[in-house]
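Guided by the hints, dock chain C onto chain R, whose structure is given.
Number of protein chains: 2
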Amino acid sequence: MTWLSPLTIGNVNPKVKSIVDACSLIEFSLVQVMKCEYAVRGEIVMRAQLLEQELITKPSSLPFEEIIYCNIGNPQSLGQVPITFFREASVVALCDNPSLLDKAETHALFSADAIARAWKIIDKIPGKATGAYSHSQGLQYCREEIAAAIARRDGYPAKAEDLYLTDGASVAVHMMMQLLISSEKDGIMCPIPQYPLYSASMTLHGGSLVPYYLNESAGWGLEVQELQQQIQKARGSGINVRALVVINPGNPTGQVLSEENQKKIIQFCKDERLLLLADEVYQENIYAEGKKFQSFKKVARSMGLGENDLSIVSFHSVSKGYYGECGRRGGYMEVTGVDKDVKEQIYKIASVNLCSNISGQILMSLVSNPPKAGDESYEDYVRERDGILASLARRAKLLAEGFNKLEGVSCNQAEGAMYLFPRLHLPERALKAAAAVSMAADTFYARRLLDATGIVVVPGSGFGQVPGTWHIRCTILPAEEKMPALITRLTSFHQRFMDEFRD
Amino acid sequence: MTWLSPLTIGNVNPKVKSIVDACSLIEFSLVQVMKCEYAVRGEIVMRAQLLEQELITKPSSLPFEEIIYCNIGNPQSLGQVPITFFREASVVALCDNPSLLDKAETHALFSADAIARAWKIIDKIPGKATGAYSHSQGLQYCREEIAAAIARRDGYPAKAEDLYLTDGASVAVHMMMQLLISSEKDGIMCPIPQYPLYSASMTLHGGSLVPYYLNESAGWGLEVQELQQQIQKARGSGINVRALVVINPGNPTGQVLSEENQKKIIQFCKDERLLLLADEVYQENIYAEGKKFQSFKKVARSMGLGENDLSIVSFHSVSKGYYGECGRRGGYMEVTGVDKDVKEQIYKIASVNLCSNISGQILMSLVSNPPKAGDESYEDYVRERDGILASLARRAKLLAEGFNKLEGVSCNQAEGAMYLFPRLHLPERALKAAAAVSMAADTFYARRLLDATGIVVVPGSGFGQVPGTWHIRCTILPAEEKMPALITRLTSFHQRFMDEFRD
Numbered sequence: 001m002t003w004l005s006p007l008t009i010g011n012v013n014p015k016v017k018s019i020v021d022a023c024s025l026i027e028f029s030l031v032q033v034m035k036c037e038y039a040v041r042g043e044i045v046m047r048a049q050l051l052e053q054e055l056i057t058k059p060s061s062l063p064f065e066e067i068i069y070c071n072i073g074n075p076q077s078l079g080q081v082p083i084t085f086f087r088e089a090s091v092v093a094l095c096d097n098p099s100l101l102d103k104a105e106t107h108a109l110f111s112a113d114a115i116a117r118a119w120k121i122i123d124k125i126p127g128k129a130t131g132a133y134s135h136s137q138g139l140q141y142c143r144e145e146i147a148a149a150i151a152r153r154d155g156y157p158a159k160a161e162d163l164y165l166t167d168g169a170s171v172a173v174h175m176m177m178q179l180l181i182s183s184e185k186d187g188i189m190c191p192i193p194q195y196p197l198y199s200a201s202m203t204l205h206g207g208s209l210v211p212y213y214l215n216e217s218a219g220w221g222l223e224v225q226e227l228q229q230q231i232q233k234a235r236g237s238g239i240n241v242r243a244l245v246v247i248n249p250g251n252p253t254g255q256v257l258s259e260e261n262q263k264k265i266i267q268f269c270k271d272e273r274l275l276l277l278a279d280e281v282y283q284e285n286i287y288a289e290g291k292k293f294q295s296f297k298k299v300a301r302s303m304g305l306g307e308n309d310l311s312i313v314s315f316h317s318v319s320k321g322y323y324g325e326c327g328r329r330g331g332y333m334e335v336t337g338v339d340k341d342v343k344e345q346i347y348k349i350a351s352v353n354l355c356s357n358i359s360g361q362i363l364m365s366l367v368s369n370p371p372k373a374g375d376e377s378y379e380d381y382v383r384e385r386d387g388i389l390a391s392l393a394r395r396a397k398l399l400a401e402g403f404n405k406l407e408g409v410s411c412n413q414a415e416g417a418m419y420l421f422p423r424l425h426l427p428e429r430a431l432k433a434a435a436a437v438s439m440a441a442d443t444f445y446a447r448r449l450l451d452a453t454g455i456v457v458v459p460g461s462g463f464g465q466v467p468g469t470w471h472i473r474c475t476i477l478p479a480e481e482k483m484p485a486l487i488t489r490l491t492s493f494h495q496r497f498m499d500e501f502r503d
Numbered sequence: 001m002t003w004l005s006p007l008t009i010g011n012v013n014p015k016v017k018s019i020v021d022a023c024s025l026i027e028f029s030l031v032q033v034m035k036c037e038y039a040v041r042g043e044i045v046m047r048a049q050l051l052e053q054e055l056i057t058k059p060s061s062l063p064f065e066e067i068i069y070c071n072i073g074n075p076q077s078l079g080q081v082p083i084t085f086f087r088e089a090s091v092v093a094l095c096d097n098p099s100l101l102d103k104a105e106t107h108a109l110f111s112a113d114a115i116a117r118a119w120k121i122i123d124k125i126p127g128k129a130t131g132a133y134s135h136s137q138g139l140q141y142c143r144e145e146i147a148a149a150i151a152r153r154d155g156y157p158a159k160a161e162d163l164y165l166t167d168g169a170s171v172a173v174h175m176m177m178q179l180l181i182s183s184e185k186d187g188i189m190c191p192i193p194q195y196p197l198y199s200a201s202m203t204l205h206g207g208s209l210v211p212y213y214l215n216e217s218a219g220w221g222l223e224v225q226e227l228q229q230q231i232q233k234a235r236g237s238g239i240n241v242r243a244l245v246v247i248n249p250g251n252p253t254g255q256v257l258s259e260e261n262q263k264k265i266i267q268f269c270k271d272e273r274l275l276l277l278a279d280e281v282y283q284e285n286i287y288a289e290g291k292k293f294q295s296f297k298k299v300a301r302s303m304g305l306g307e308n309d310l311s312i313v314s315f316h317s318v319s320k321g322y323y324g325e326c327g328r329r330g331g332y333m334e335v336t337g338v339d340k341d342v343k344e345q346i347y348k349i350a351s352v353n354l355c356s357n358i359s360g361q362i363l364m365s366l367v368s369n370p371p372k373a374g375d376e377s378y379e380d381y382v383r384e385r386d387g388i389l390a391s392l393a394r395r396a397k398l399l400a401e402g403f404n405k406l407e408g409v410s411c412n413q414a415e416g417a418m419y420l421f422p423r424l425h426l427p428e429r430a431l432k433a434a435a436a437v438s439m440a441a442d443t444f445y446a447r448r449l450l451d452a453t454g455i456v457v458v459p460g461s462g463f464g465q466v467p468g469t470w471h472i473r474c475t476i477l478p479a480e481e482k483m484p485a486l487i488t489r490l491t492s493f494h495q496r497f498m499d500e501f502r503d
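Residue numbers (full-length UniProt numbering), protein chains in the order written: chain R, 1 to 503; chain C, 1 to 503.
Pulled out of the complex, with its shape left as it was, chain R reads as follows (with noise of 0.2 Å):
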């Protein structure tokens, strides 16, 4: 990838790079792999991963009793219970087995609309085998299940045969990214700050990078004008751009578009020819008042554009939401207003992969049409659902007014998503300090803040940042009992921090 200055992808080190060629008993051809950077999964959690180790074999060795995982949004690993229905349907239709389901046993163990889903699925599986590969889009039913949901969600139709189903968000991203780019004169546009899976996919699929920044002093707010000037600058310099990437709820900014904002997006879109990337995974993770998602389809929909008028792409996820089943590898991307043609080819690039994995397209069919009024799971799983977004919306809450307690510490508001993205106004001497060892000053920061507290948060600059700005990303996941101990640890170190370094 070339061309995102703000960020640290692009800088190989030249030295790694001889080391790889040099050592190796064969040589590998590294080169994009080397340049892509994908931070939440980065240094600082690798870190993280030893000290755990550490923790088991020195117990009393480390400043703190555990590491807490705040870099990814992986409710499940912080103790977040899943949705009974779901997992109940989910398991149940796996067991694949008549001689198993039929039994009084199992309606004793599980809950009867759950069996009764199982069975339908089952069913409408191509000889009942969930152990086989399926459509290379994915099974039939699942995609038509899905589409029926997008459609009671926005009002306007949807095809089963625009769905894609995939192990996860990230892989549908990649395939598009494969079909979008060719050379590094093929470029997207990406929000910066932006989840890092897009500059990692830009990169190894060798493409450019065409950053457009996010207002942090207007809550994060996208704005047209930005990216006009962002695609003419690109434009000048040779780059064909041939889509725009928007994250809405936003990641790692929280925020959530309005839909006179999504319009105007929408008109860019469609004046400058320019496919739109729609990441819809925390499309369930709303908490600010007057706060609503809609999906960028019935946004273009309700202006009257069709699918002749505009080219869009909506990514969704079984990892996010109140559901968090982000082991089980389930997503989606709807695509629309795209030519058969290049459908074809979509779908030859989910063949090579023959299929994703059944139980996440199963559970992908399952969140989409949850329990309705008069089922059996219905009332538990309302109450389970409205708990978690409750206690979601509680600690993004608490999360960011901790935050903004801080010294040279300033949060917008998570309005959606799981994060939370607080500025941090470093003095010049940890800037100094961070530069005497080499680190970017918020991976200094992050990492002190791991080795003091057992805290793990992603450094901005995996994101990408207005240059000379700093950040971290946080994750609002930490069990709520929990917060208010993390948020004593964090105030403590950040004081101990900026009493070392304060100018």
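In short, the hints are calculated from the structure, not lab data. Any given hint might turn out to be false.
Each pair of labels, with its calculated beta carbon distance range [what the hints assert, rightly or not]:
#1 R:Lys264 / C:Val31: 28 to 36 Å
#2 R:Leu50 / C:Leu398: 50 to 58 Å
#3 R:Lys372 / C:Val31: 45 to 53 Å
#4 C:Arg153 / R:Lys372: 18 to 26 Å
#5 R:Arg429 / C:Lys185: 48 to 56 Å
#6 R:Lys185 / C:Ser60: 50 to 58 Å
Using 25 Å as the maximum straight-line C-alpha spacing, the simulated PhoX-like pairs for lysine-lysine come out as follows [as the list claims (entries may be wrong)]:
#7 R:Lys343 / C:Lys103
#8 C:Lys58 / R:Lys159
#9 R:Lys35 / C:Lys185
#10 C:Lys185 / R:Lys185
#11 R:Lys292 / R:Lys397
#12 R:Lys124 / C:Lys58
#13 C:Lys340 / R:Lys35
#14 C:Lys292 / C:Lys263
#15 C:Lys159 / R:Lys58
#16 R:Lys482 / C:Lys124
#17 C:Lys482 / R:Lys124
#18 C:Lys35 / R:Lys340
#19 C:Lys58 / R:Lys128
#20 C:Lys103 / R:Lys103
#21 R:Lys128 / C:Lys482
#22 R:Lys482 / C:Lys58
#23 C:Lys128 / R:Lys58
#24 C:Lys343 / R:Lys35
Since we're looking at a predicted model, the values are computed, not measured. Where a beta carbon is used, it is the ideal one built from N, C-alpha and C, also for glycine.
Just chain C, lined up with the frame of chain R:
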């Protein structure tokens, strides 16, 4: 991808390319994707899916009652029943709910050792959370279980840190291609015929496939002299040859390499400093008397070659063997003799997709460690396993006999794997008829076969073959009781085909 004349890959149809650019709302950059072909899910299979729909909407419109998918190794789609223990233990583990697993009903439904194994797995998962992202290489416990199994299989050590668990073996192959290829100057040696995942993946990554031909008249033997000639030729054309793919047992050829042959291949890789990419997904599928699977790593270690002498990547999967759990997308690669810096880059690529699905990870650890003598499930397990393997061996023999009885068809036995790759000596008039409709002759034959009988096979041109020869690949997976009828249909079709075109 460049340079592979015998395959149809590489021929971009400029007309299609321009259509895509002209008709789409947005412009894609599809060069590499359009070049890519993946025959096992290609045009014949797409036509089969259409015909399947027709059978539903107009039941008596076709000269057959069902489509029989012999195009891909997908056992459960053709009625193979899952191995009870693996299915039970993996499903129970996914229940992930102590209150559920402790109940008496659970014990009435599932075998005691399946429940015990599920508990063992859950207890080893951080936070007992099967819905969380795991380590990007896969759960530590699953990797330890698999490493122990590899060590038992080979009699040489294996390490959890060398394992990368993936959503099926295909994903692992793509990861290695990503690492090895950065331009068309990077070449990978690959058998012809080959499983088209390799050609497709090289094409998508923009590398060059360096072919070496297997010797059909010597039972699809792999001859080192051929390797030497082809590597010289490739280097003479300025290709930097980085790796050698060997598929053992062979796909589509069914050949099981002798230890002596493996030693020569290993020596060749060592001498030429090539990474050995060993596709060993059919290691449990051996049918020929006196043949035995030996991993390349084991053979290399037996030659006294260690980590510092040779780089080997071995691929394995839950999709094949006697278990055939394709839909679960479990797999791994074991990476040995590769520098630490390179392994960090492999980790990075794995981390960009976060992790593979937990269900597939658990299943991979289970098939690596099946029930042992004395376990409650042991006898059932042995009966199921041996029943499937014995039946596959009988079916392989029966089908090869069937092919060999056909006029102008010669077919090597399947010593292992799941396929036959019979050669079709087609009459001149058939070749001309195919050319008249711009089809490869074997595609013409496969299309005629599908339309007349509903049997789906893959044309040999999708795998590569000596120019001027024609083959089809047919799985040995149709249910044993259906095999005689299938052979009758095949025979009767072939007679009619020959009657129509005989010179």
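These are the hints, each one checked on the structure:
1. R:Lys264 / C:Val31: 28 to 36 Å: At 33 Å between Cβs, range holds.
2. R:Leu50 / C:Leu398: 50 to 58 Å: Between Leu50 of chain R and Leu398 of chain C, where Cβ atoms are some 56 Å apart, the hint holds.
3. R:Lys372 / C:Val31: 45 to 53 Å: Taking Cβ atoms as reference, Lys372 of chain R and Val31 of chain C lie about 47 Å apart, which means the hint holds.
4. C:Arg153 / R:Lys372: 18 to 26 Å: violated (50 Å)
5. R:Arg429 / C:Lys185: 48 to 56 Å: holds (49 Å)
6. R:Lys185 / C:Ser60: 50 to 58 Å: holds (55 Å)
7. R:Lys343 / C:Lys103: Between Lys343 of chain R and Lys103 of chain C the Cα gap is close to 48 Å, so the pair fails against 25 Å, i.e. violated.
8. C:Lys58 / R:Lys159: holds (23 Å)
9. R:Lys35 / C:Lys185: holds (20 Å)
10. C:Lys185 / R:Lys185: Measuring from Cα to Cα gives roughly 20 Å; hence the hint holds.
11. R:Lys292 / R:Lys397: Holds: Lys292 of chain R and Lys397 of chain R sit about 17 Å apart, inside 25 Å.
12. R:Lys124 / C:Lys58: holds (19 Å)
13. C:Lys340 / R:Lys35: holds (17 Å)
14. C:Lys292 / C:Lys263: Status holds; Cα separation ~15 Å.
15. C:Lys159 / R:Lys58: holds (23 Å)
16. R:Lys482 / C:Lys124: holds (23 Å)
17. C:Lys482 / R:Lys124: Given pair Lys482 of chain C, Lys124 of chain R holds - Cα atoms ~23 Å apart, limit 25 Å.
18. C:Lys35 / R:Lys340: holds (17 Å)
19. C:Lys58 / R:Lys128: It holds: about 23 Å lies between the C-alpha atoms, which stays within 25 Å.
20. C:Lys103 / R:Lys103: With a Cα-Cα distance of about 15 Å, the restraint between Lys103 of chain C and Lys103 of chain R holds, given a limit of 25 Å.
21. R:Lys128 / C:Lys482: holds (19 Å)
22. R:Lys482 / C:Lys58: Status violated; Cα separation ~62 Å.
23. C:Lys128 / R:Lys58: holds (23 Å)
24. C:Lys343 / R:Lys35: holds (15 Å)
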